[in-house]
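**Student:** Starting from the given sequences, assemble the full structure and let the hints guide the process.
2 protein chains.
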Amino acid sequence: MKKGEETKQSILEHGLRLFSSKGYEETSLKDIASCVNIKTPSIYAYFSSKDELFEKIVDFVIDDYVKFIEHQASTMESLSIKDQLYNLLEKLNKYYYMNDRGIFLKRYGVFPPEKFKEHIFQNNSMVESEIRKLIYTILDAKSEDHKFIDRETIATSFICLLDGMLFYLMNCSYEEYERRLESTWKVFWKGILE
Amino acid sequence: MKKGEETKQSILEHGLRLFSSKGYEETSLKDIASCVNIKTPSIYAYFSSKDELFEKIVDFVIDDYVKFIEHQASTMESLSIKDQLYNLLEKLNKYYYMNDRGIFLKRYGVFPPEKFKEHIFQNNSMVESEIRKLIYTILDAKSEDHKFIDRETIATSFICLLDGMLFYLMNCSYEEYERRLESTWKVFWKGILE
DNA sequence: GTCTATACCGAGATAGAC
DNA sequence: GTCTATCTCGGTATAGAC
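So the protein lines, in turn, are chains A and B.
Reading the first sequence from the start, the letters are residues 1 to 194 in my numbering.
Reading the second sequence from the start, the letters are residues 1 to 194 in my numbering.
Since the hints were derived computationally from the structure, they do not count as laboratory data.
Careful, some of the hints might be misleading.
The list cannot tell twin chains apart, which means a pair is met if one copy fits it or any two copies do.
In the PhoX-like style, the derived pairs of lysine-lysine whose C-alpha atoms are separated by at most 25 Å in a straight line are [to be verified]:
hint, residue 1, residue 2
1, Lys190, Lys147
2, Lys30, Lys2
3, Lys147, Lys186
4, Lys186, Lys142
5, Lys82, Lys147
6, Lys67, Lys117
7, Lys22, Lys50
8, Lys22, Lys142
9, Lys22, Lys117
10, Lys56, Lys39
**Tutor:** Here's what the structure looks like:
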């Protein structure tokens, strides 16, 4: 990779990390530049404004997440419905826990800065419908011995659970977080059986 | 109420509303002042800084919410466990939906500005334990025909569900929101029965 | 492509008249 | 208690040398 490309990547990565943890307004270009070991004005060689930088990150993050969701479908076709649902829940949670993209996605999905509201909102409803689609695929694939309640209710409940875990993600240790994930899964699984 | 007191109240209320919807950094004292129909410096007659104003609102909101939770206990002792849990879920959700305090609480509970992190974090874990306590009270009160799974799992799952609804609250119409609340409740209730 | 220097603006905050 | 005027600071962004 050329030097310039590397710098650009570094700006994007540190930008993502800082925007995730501190938020849009509390993150200055100076903060980002100092992480990249350049001075503030150098950023403008790659991005025309703070807004543009932020939007580029938004687009990357959403795109990456959608790809990740789609990838899940192919990785577990052979499993039982129970295992597929559990895997999905665990993988999506790991995604949130293990990198800044998840936090970014959630942070600005719920509380976007005024300017970016529309841009983010549109993309975000796409994310939800991707997850819904995947859950429907899992549930419709084969008829097992299990009987389930209607799939809309299941998907709604699944997504709610996924989102609710965010709070534990932000406030608990990893061990506590995992323990709680088990609890919610247990209730969810029992709850969706007919 | 004296004129000064009224102005102070108005600052607090509009501050709460704006901080809820736009966030701490995106809300300027000028914004607040203009809602109250005063000029920016007049705010300093009541609060020594933006930080102090914000903290006062934080304390009020948390205090109000804890009181609200405690009040629930007394209002539904005579109901069945099922009705009590459902009522609690519905009331807490309505609280979030119907006023700015709920959004405020959630917004800064998950994503507090750097400066206020500790202050908010401490108070927030108190909120969770209040809800837990109430759920335990409900579950322990009487032995009905229902058999339940262990109460820690129930409480964890309940709180996760409550938090997860935030995303629907922010992104859905009220009708859609209510529909989804029904879905998650349905799964939850079935899931916690032994 | 990165720097220094600087312009520009809007924010929080203070001084002091009324 | 509210105002106008003003200060200060830190942010985004630009100009122009290297």
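**Student:** Please sort Lys22 with Lys50 into within, between, both or neither, judging by C-alpha distance up to 25 Å.
**Tutor:** both (15 Å within a copy, 19 Å between copies)
**Student:** What label fits Lys82 with Lys147 when the C-alpha limit is 25 Å: within, between, both, or neither?
**Tutor:** both (11 Å within a copy, 24 Å between copies)
**Student:** Within, between, both or neither: how does the pair Lys56, Lys39 come out at a Cα-Cα threshold of 25 Å?
**Tutor:** within (20 Å within a copy, 38 Å between copies)
**Student:** At 25 Å max between alpha carbons, let me know whether Lys147 reaches Lys186 within a copy, between copies, both or neither.
**Tutor:** both (17 Å within a copy, 16 Å between copies)
**Student:** Checking an output row: Lys22 and Lys117, CA cutoff 25 Å. Within, between, both or neither?
**Tutor:** For Lys22 and Lys117, the Cα distance is within 25 Å both inside one copy (18 Å) and across copies (11 Å).
**Student:** How do Lys22 and Lys142 come out at 25 Å by Cα distance, when the copy is not named: within, between, both, or neither?
**Tutor:** neither (45 Å within a copy, 46 Å between copies)
**Student:** With 25 Å as the alpha-carbon cut-off, assign the pair Lys186 and Lys142 to within, between, both or neither.
**Tutor:** Answer is both: 22 Å inside a copy and 24 Å across each meet the 25 Å cutoff.
**Student:** With identical chains treated as interchangeable, where does the CA-CA distance between Lys30 and Lys2 reach 25 Å or less: within a copy, between copies, both, or neither?
**Tutor:** within (24 Å within a copy, 47 Å between copies)
**Student:** From the Cα coordinates, with 25 Å as the cut-off, is the pair Lys190 and Lys147 best called within, between, both, or neither?
**Tutor:** Cα proximity of Lys190 and Lys147: in one copy and across copies (11 Å, 14 Å).
**Student:** What label fits Lys67 with Lys117 when the C-alpha limit is 25 Å: within, between, both, or neither?
**Tutor:** Only inside one copy: Lys67 and Lys117 sit 22 Å apart there, 33 Å across copies, limit 25 Å.
The structure shown violates just one earlier hint, number 8.
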